[in-house]
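Participant: These are the residues of each chain, in order.
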Amino acid sequence: MRLEASDLACVRGGREVFAGLRFAVAGGEALMVTGRNGAGKSSLLRMIAGLVRVAAGRLALTGGADDLPLAEQAHYLGHQDALKPSLTVEENLDFWARYLGTGDGAPAALAAVGLDTVAKLPAGYLSAGQRRRLSMARLVAIKRPIWLLDEPASALDRAAQDRLAELMRGHLAGGGLIVAAAHGPIGLEGARELQLGATG
Amino acid sequence: MRDLKLAGRVGGGAGIGVLFFLIVIMLTPFAIGPDLALLARIGPAILWLGALLASLLTLDRLIAADAEDGSLDLILTGQTPLELAVATKALAHWLSTGLPLVIATPLFALLMNLDSQASLAVALTLLAGTPALTFIGLLGAALSVTLRRGGLLLTVLVLPLTVPVLIFGVSASNAAIVGPLPFGTPFTILCALTLVSFVVGTFAAAAALRHGIE
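The listed protein sequences derive, respectively, from chains Z and V. In terms of my numbering, the first sequence opens at residue 1 and continues consecutively. In terms of my numbering, the second sequence opens at residue 1 and continues consecutively.
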């Protein structure tokens, strides 16, 4: 499996965010997207997830499940966590697990991020870090080969960051592919770096 | 699709909608005065207006709430066709606001001095017509989703489109009460409007959401 971009350009609100971007990520590899604020890190991830129009260039996935569009093979974990405050933790995850996948594996996923003790609590009572972890549980509950993570380590404590790194390593070892936007290290050794907003 | 439960629990607008409906209906006799004959004559129209405003009340949260918390992003990346997803959302909206209105109508019709046959007729037209309001509103909600304060724009966009539904809804009710037109003709057109709005509203809303991706 291989995700390839050539001469990719992004225009938002009439302003060119980046242009002429090229990169390739293969299965089992991680790509770290770095750059100053406003350089287009989130836009790039949203573009891969099909939430931002590709203004120019080409974005292609080869070797995946051919009949599915790229967006349906990717997990997009953005700044907003898509949680309904009045539903419980369990119901929130269950809903997305059913909507995005087959629905099984939700309880195991909650345990994997250490939220099984608060499963019956309405999601509105969760702290920022716990909400983040609940979003992470989505990655585990539904199997999709591409993970698009936008600052995945924000608001997480040290233990949860380690847990996230472990999840990511497991995903890479299983042949998965990660594109992550981050400012600091997120615990992935050997990840290639793509710097946005530089002169090139 | 768990969207039904989600919308039902999250929206919580059902009670508010019925309450708003009740207040509009309650206020009318006070505003117009104790003229029972007049009340009975304009009763169906007032009930319809109340239902229209009550269903608009919660429409702006229909998609905007999902857009704000990021759920819309995930809905777009799901394998379920977007048309089906928005149709389910609209159905959930109707079940939580439209249906309670229909159920409450016979009760509220008493306030408008309508007899039982007339109130039944109004309830029937509302049952057939309120889905149309929801689906037209769905289109408006999808169009105004990217705007910060889209609620007002939504109202301005949607209200003119609901005019035909209003016309045929009220004329069907009036036909049942005073005649001389048969009830069937306007009622059939009302049903047709609902079906058309179901198809057009769903596909147009999905297209609007896809186009709204920027």
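Bear in mind the hints are in silico, worked out from the structure with no lab data behind them. The beta-carbon is built from N, C-alpha and C at its ideal position, and this holds for glycine as well. Keep in mind that a hint or two might mislead.
[As the list claims (entries may be wrong)] Okay, the calculated bits of chain Z under chain V, using three or more residues with CB under 8 Å as the criterion: (1) 47-54; (2) 126-133.
[Stated by the list, open to error] Okay, the calculated beta carbon distance ranges per label pair: (3) Z:58 x V:16: 46 to 52 Å; (4) Z:184 x V:23: 30 to 36 Å; (5) V:156 x Z:28: 33 to 39 Å; (6) V:156 x Z:58: 47 to 53 Å; (7) V:53 x Z:57: 45 to 51 Å; (8) Z:2 x V:195: 43 to 49 Å; (9) Z:19 x V:212: 22 to 28 Å; (10) V:192 x Z:154: 22 to 28 Å; (11) Z:157 x V:212: 55 to 61 Å; (12) Z:122 x V:103: 44 to 50 Å.
Participant: If a hint holds in the structure, say so; if it does not, say that too.
Facilitator: Comparing the hints with the structure gives:
Only residues whose C-beta sits within less than 8 Å of a C-beta in chain V count toward coverage, and the segment 47-54 of chain Z has 5 of them, enough to reach three; the restraint holds. Beta-carbon proximity to chain V at under 8 Å applies to 0 residues in the segment 126-133 of chain Z; the threshold of 3 is not reached and the given coverage is violated. Taking the beta carbon of each, residue 58 (chain Z) and residue 16 (chain V) are about 49 Å apart, inside 46 to 52 Å as hinted. Between residue 184 (chain Z) and residue 23 (chain V) the beta carbons are some 54 Å apart, a value that contradicts the proposed interval 30 to 36 Å.
Range check, residue 156 (chain V) to residue 28 (chain Z): about 53 Å between beta-carbon atoms, so the 33 to 39 Å window is missed. Taking 47 to 53 Å as the suggested C-beta distance range, the pair residue 156 (chain V) and residue 58 (chain Z) does not conform, at roughly 41 Å. Range check, residue 53 (chain V) to residue 57 (chain Z): Cβ separation about 48 Å, and the 45 to 51 Å hint holds. The beta-carbon spacing between residue 2 (chain Z) and residue 195 (chain V), approximately 47 Å, falls within the hinted interval of 43 to 49 Å.
The hint said 22 to 28 Å for the Cβ distance between residue 19 (chain Z) and residue 212 (chain V), and at roughly 23 Å that hint holds. Distance hint for residue 192 (chain V) and residue 154 (chain Z): a CB-CB separation of about 52 Å, inconsistent with the stated range 22 to 28 Å. Evaluation of the 55 to 61 Å hint for residue 157 (chain Z) and residue 212 (chain V) yields a failure: the beta carbon distance comes to about 36 Å. In this structure the hint that residue 122 (chain Z) and residue 103 (chain V) lie 44 to 50 Å apart at CB is violated, the actual value being about 28 Å.
The structure is inconsistent with the numbered hints 2, 4, 5, 6, 10, 11, 12, although it conforms to all the rest.
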